[in-house]
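Start from the sequences and build out the full structure, keeping to the hints where you can.
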Amino acid sequence: MTGAEAAQAVADHLCGFKYQWTTEVELQQAIWDVLPDAFQADRERALSQRDRPDFIVDVDGCSVAIEVKVAGARNAVLRQLGRYAEHDQVDAIVLASGRRVLAAGIPEIIHAKPVLAIHLGGRL
Numbered sequence: 001m002t003g004a005e006a007a008q009a010v011a012d013h014l015c016g017f018k019y020q021w022t023t024e025v026e027l028q029q030a031i032w033d034v035l036p037d038a039f040q041a042d043r044e045r046a047l048s049q050r051d052r053p054d055f056i057v058d059v060d061g062c063s064v065a066i067e068v069k070v071a072g073a074r075n076a077v078l079r080q081l082g083r084y085a086e087h088d089q090v091d092a093i094v095l096a097s098g099r100r101v102l103a104a105g106i107p108e109i110i111h112a113k114p115v116l117a118i119h120l121g122g123r124l
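1 is the number of the first residue of the sequence shown in the numbering used here; add one for each residue after it.
Simulated from the structure, these hints should not be mistaken for lab results.
Model, not experiment: these values are computed from the prediction.
Possibly wrong hints are sitting among the right ones.
[Unchecked claim] Simulated restraints on C-beta separations:
(1) H111 - K18: 27 to 35 Å
(2) E108 - E24: 17 to 25 Å
(3) E5 - H87: 31 to 39 Å
(4) D42 - F17: 15 to 23 Å
(5) T22 - T2: 30 to 38 Å
(6) G72 - Q20: 18 to 26 Å
(7) G105 - Q40: 15 to 23 Å
We treat Cβ as the ideally placed atom computed from N, Cα and C, and that holds for glycine.
What follows is the structure, encoded as structure tokens:
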């Protein structure tokens with residue numbers, strides 16, 4: 001399985017649920033509630049002292065970093081995803097956003113790593 005296929009499998013799984021949340025922490029918890037049903041996953045596994053994605057999901061030998069965002073500037077998010085993509089232990093990245101505008105326009109590849117940006121609906 002390629003990193004892109006692994007990211008797509010994670011994105012497909014996450015998009016199969018409806019989420020109710022008012023804060024980023026609540027959306028992270030809602031995602032955590034459905035991840036272990038389909039994948040081996042860790043919360044905030046450190047890639048380095050500075051870099052700690054919200055989740056790392058193992059899919060058939062590929063590691064997919066998931067970053068959850070409900071607010072923030074696109075440039076800051078891109079810098080964060082770029083740092084994650086620089087790590088050899090990350091094969092792909094999924095940005096799971098509660099804001100459609102934040103998910104839009106995210107590059108499909110960062111530092112030669114596939115990136116999928118998905119929108120998980122609005123808040124309560």
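Evaluated hints:
1. In this structure the supplied range 27 to 35 Å holds for H111 paired with K18, their Cβ-Cβ distance being about 33 Å.
2. In this structure the supplied range 17 to 25 Å holds for E108 paired with E24, their Cβ-Cβ distance being about 24 Å.
3. Hint check: E5 to H87, Cβ distance near 19 Å, so the stated range 31 to 39 Å is violated.
4. Checked against the hint of 15 to 23 Å, the pair D42 and F17 passes, with Cβ atoms roughly 20 Å apart.
5. A hinted range of 30 to 38 Å for the beta carbons of T22 and T2 is consistent with their spacing of about 36 Å.
6. Checking the proposed 18 to 26 Å range against G72 and Q20 shows it holds: the Cβ atoms sit about 21 Å from each other.
7. Hint check: G105 to Q40, Cβ distance near 31 Å, so the stated range 15 to 23 Å is violated.
The structure fails to meet hints 3 and 7 from the earlier list, while all remaining hints are met.
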